Each structure stands twice: as C-alpha cells, then as structure tokens.
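Going down the list, the protein sequences come from chains E and P.
For what it's worth, my numbering labels the leading residue of the first sequence as 1130, then goes sequentially.
For what it's worth, my numbering labels the leading residue of the second sequence as 98, then goes sequentially.
Note that these hints are calculated values from the structure, not bench results.
In this text the structure is predicted, and so the values were computed from the model without any measurement.
Please note: incorrect hints may appear among the correct ones.
Chain P stretches covered by chain E per the calculated footprint, using a threshold of three residues with CB under 8 Å from any CB of chain E [said to hold, decoys possible]: (1) 234 to 245; (2) 330 to 338; (3) 366 to 374.
Here are the simulated distance ranges between beta carbons [stated by the list, open to error]: (4) P:Ser210 / E:Ser1178: 53 to 61 Å; (5) P:Glu281 / E:Val1224: 52 to 60 Å; (6) E:Thr1153 / P:Tyr204: 36 to 44 Å; (7) P:Asp277 / E:Ala1163: 20 to 28 Å; (8) E:Thr1193 / P:Val274: 24 to 32 Å; (9) E:Ser1178 / P:Ala191: 52 to 60 Å; (10) E:Glu1140 / P:Gly328: 24 to 32 Å; (11) E:Ala1163 / P:Gly328: 26 to 34 Å; (12) E:Ser1150 / P:Glu281: 13 to 21 Å; (13) E:Pro1134 / P:Asp359: 26 to 34 Å; (14) E:Ser1199 / P:Tyr204: 31 to 39 Å; (15) P:Asp225 / E:Thr1193: 49 to 57 Å.
Glycine included, every Cβ here is placed at the ideal spot set by N, Cα and C.
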Amino acid sequence: MGRVPAQKPLELILARNLLTSISTPAFLVDEHAALVFYNEAAGALLGRSFEDVGKMSPEEWTATYGPFDSDGKPVELDELPTTRAIRDGRAAHAVFTVRSANGGTREIESSAFPIIASEEGSSGAMIFFWPQDQTHGKDK
Amino acid sequence: MRIKVWGARGSVPAPGPQMNRYGGNTSCVEITLASGEHVILDAGTGIRTLGLDLTTSPHCSILLTHLHLDHIQGLMFFPPCFRADADLTIWGPASPEASLEDRVARYISAPLSPVEVRELPCSVSFRDTPPSEWQLGSATIRCEAVNHRGPTLGFRITEGDTTLCYIPDHEPALGTVLADTEPEWVSGYELARDADLLIHDCQYADDEYPDHIGWGHSGMSDTLTFASRVGAKSLLLFHHDPLHADGFLDELHASARRKWADLGGDPTAVAMAMESEELEVGPASSPAGLASPV
C-alpha cells in the first residue's frame, strides 16, 4: 500500500462530512490555517471545485482568492477571521471581497468558528460565507 | 498473540436459545500476549465469564473504547474486582469533564450498584489513554478517536510483527462515501491500516442501515469497504445487533464473504465473531482459523 498523508483528526473529518452535506458555502482549515477542504457551494462561489485546487497554504489561498477590503487592498492574513479564530480560540466575523476563478469579485460576509477538541488547542476552523448579493440561499 | 472472544453482542445483552451459538454477552475480547500477559478489550458482560477463568493472581490491563453501558456493564461483575490479590489497570478515553474513575463510578455507585469503586478489594487504577503509543508488556498500544456517538476510541495493538485492530463501535461512512474518500479523511484508517486482524463493528445488515444512519454503527458493506480500504488481512465482524439471532448472523456472514470476494478478498478471511471463539493472530496465520458460516 502506498504512502498516505497523515490521518486527519476525527473532529476535522466530522467537520468535513458536515460541510459536504450543506449548501452554505464553507471552508475547512487545519491548525496551521491551511485550506484542507471547501464544499461544493463554496466551489460555486469561487468558480473552482476543491478537487481542482487541492490543499493550499494560507499564503496560497489568499493569493488565489483574496480577500480584499472595501478599498480593494488585500486583507492581512493576521486579520482574517480564520486566523483570528485559530489564534484566539473564538469566533470571528468580517465582510470582505473575494476574487473568483473567472476574475469576477463577490462581496461576502464570513464567520469563522474554531474547532477545539482538547486542551492542547485548536484543530482548525470552519469558515462559513454569505454572499452579500444573495438572500435565503438563492440568487436574487 | 492469541485472542478469545468473551462477548460479541452490541447495545444490550441478548440471551436466549436463538442466540446460543454467537452468544448474548456484550463486547469483551481477551488478548493473551506472547509474554503471557493479558490485555482485555472492553468490559461488556462477557468480562464476567472471562474473570471466572482467571484462576491465578490476576494482573490485567483493561482497555475501554468508551463508556457506553454495553462496554462497561460487566466491570462490576468481574470476579478479580473482588480479589485482594488482583491488580487491575483500566485505560479509557480522557474527558475534560471528569476523570475516568469518576465517570466509571457513575455506574459503580448507588443507586445503580450495591458497591462503590473505593470499596473494591482489588488494586485498581484508572488511566487516561495517552495521545502517543504506550507499552503494555510485550505489546505496543495506540489509540485514536473514531466516529461513534460520544468520545470513542479504537485500539491498535502490535506485538512483534503482528497487529490487531479493535474498533467495535464505528460509523466511518457517516456523511461520506467510503469507497471514494481519501484515506486521510477516513475515520480509523491509520489505526487499522494493514492489520493482521481487524475486529470491527458490523451491527447492521445493509437494508437495516438506512434506518440507523448516525447511530454510530456500520452496515455490513461499509464494514467490508473500510476493511478493504485499510488492507486488513482478516476481518472479524463484531458488535452484533441484539435482534440478530444465530440464523440471521449465519446469512449475514455468508453475504459478507460473497461481498468480500467481490472486493477482491479471500472470502475465508471474513468471520463472524462468536462467543468463546479463540484465534491465533499473526502475519503467517491462516485465515482458515476463522469460523466458517454454518
């Protein structure tokens, strides 16, 4: 049997299974804030499926998708809800703009929730997105 | 290493003449290491009869996968608990809420029990399972959290070049398609990988599973897919539903062997756990040692 990447902790496996089953766009990141999964709804938002892009470091996914603030400037990695959720162990929220694979932009609200399975700290975070031009899960 | 199944039933004891061959006692498997030491997997009602069999001064390690009643119910009736010369170490999942001893004591205390843990004459210690491997006699033990309802462990026991994996309560297919999921995202994958013997939850027949999704147990095809994905050399189907009588389990076994062959495996490498059954586990051991369907 070939070499297999390190087993993910159960809480990330369960989180991925949950995200797979819902239509709210969502990311899953590990304890280093590396993007380890996003669901089909997030793929539709970003224009590319996770299967097409695979695991990405925080630097890679911010270079690919942004986000950008209201002035069009890249949001610092340290200020992203994802980073804050993992660093501080509490939920974080922000509104920003992301760039999709086709070059278009979408303004979205984002809430990140840390996944804390033990006293050792965070195993990662789930990040949910709500496009500002979308209501009740359907495009206007 | 050698194993003996003392209880293979899940959820609740299921005594009765229609259960005689596979047995009605809940989860308990004894491992006798090459060094002669005993490691006991779970303390379901099967541990009572195991304890009757321990005639010499008992020094045992009991590994609890979790604290659901069918995995601890026999502890209060384990004869060595009432022997002053017995020395027991009970390992189980850690919790931020209470110590392992305090959580087990919720069962071994009034009004559920006539005795308290502190009254037991044996020497007993409770230990949280460590996050890294540890040694018990000549065996190396590793555990990981696996997908079940509530904090639950699976165990990987390695002695020399022989590996046994025990995951009695497990629903790895919940919310995912097991056959397509990348290995690192499959609950229990690394724990069970390349095991010489995998003892795994197979509570439901495939047509029963849809009504029990999320209950923390596996349907037969998911069990076989999991075993195939991890490269288990032989498979003991475990944690039989209390409604499954001997005849039903025979049919389930025969069906499992056919499906295992469809997955490219040797059908004789799949067996149904049966109370009082003893198996020699090793890389060179023949799966023919496993019981055949009647």
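Right, here's what the structure says about each hint:
Counting residues of the stretch 234 to 245 of chain P whose CB lies closer than 8 Å to any CB of chain E gives 4, which reaches the minimum of 3, so the coverage claim holds. Coverage of the stretch 330 to 338 of chain P by chain E is violated [criterion: at least 3 residues with CB-CB distance below 8 Å; count 0]. Look at the stretch 366 to 374 of chain P against chain E: 0 of its residues bring a Cβ nearer than 8 Å to a Cβ of that chain, fewer than three, so the hint is violated. A hinted range of 53 to 61 Å holds for the C-beta pair Ser210 of chain P and Ser1178 of chain E, which are about 55 Å apart.
Judged by the Cβ atoms, the range 52 to 60 Å given for Glu281 of chain P and Val1224 of chain E is violated: they are separated by roughly 33 Å. Under the hint 36 to 44 Å, the C-beta atoms of Thr1153 of chain E and Tyr204 of chain P, about 40 Å apart, fit the expected range. Hint check: Asp277 of chain P to Ala1163 of chain E, Cβ distance near 22 Å, so the stated range 20 to 28 Å holds. Remark: the range hint 24 to 32 Å for Thr1193 of chain E to Val274 of chain P is upheld by a beta-carbon distance near 27 Å.
Between Ser1178 of chain E and Ala191 of chain P, the C-beta spacing of about 38 Å breaks the proposed range 52 to 60 Å. At roughly 25 Å, the beta carbons of Glu1140 of chain E and Gly328 of chain P sit within the given window of 24 to 32 Å. Checked against the hint of 26 to 34 Å, the pair Ala1163 of chain E and Gly328 of chain P passes, with Cβ atoms roughly 28 Å apart. Restraint check, Ser1150 of chain E to Glu281 of chain P: a C-beta distance of roughly 19 Å satisfies the suggested window 13 to 21 Å.
Judged by the Cβ atoms, the range 26 to 34 Å given for Pro1134 of chain E and Asp359 of chain P holds: they are separated by roughly 28 Å. The hinted window of 31 to 39 Å between Ser1199 of chain E and Tyr204 of chain P is violated, with their beta carbons roughly 58 Å apart. Separation of Asp225 of chain P from Thr1193 of chain E is about 42 Å and departs from the stated range, judged on CB atoms against 49 to 57 Å.
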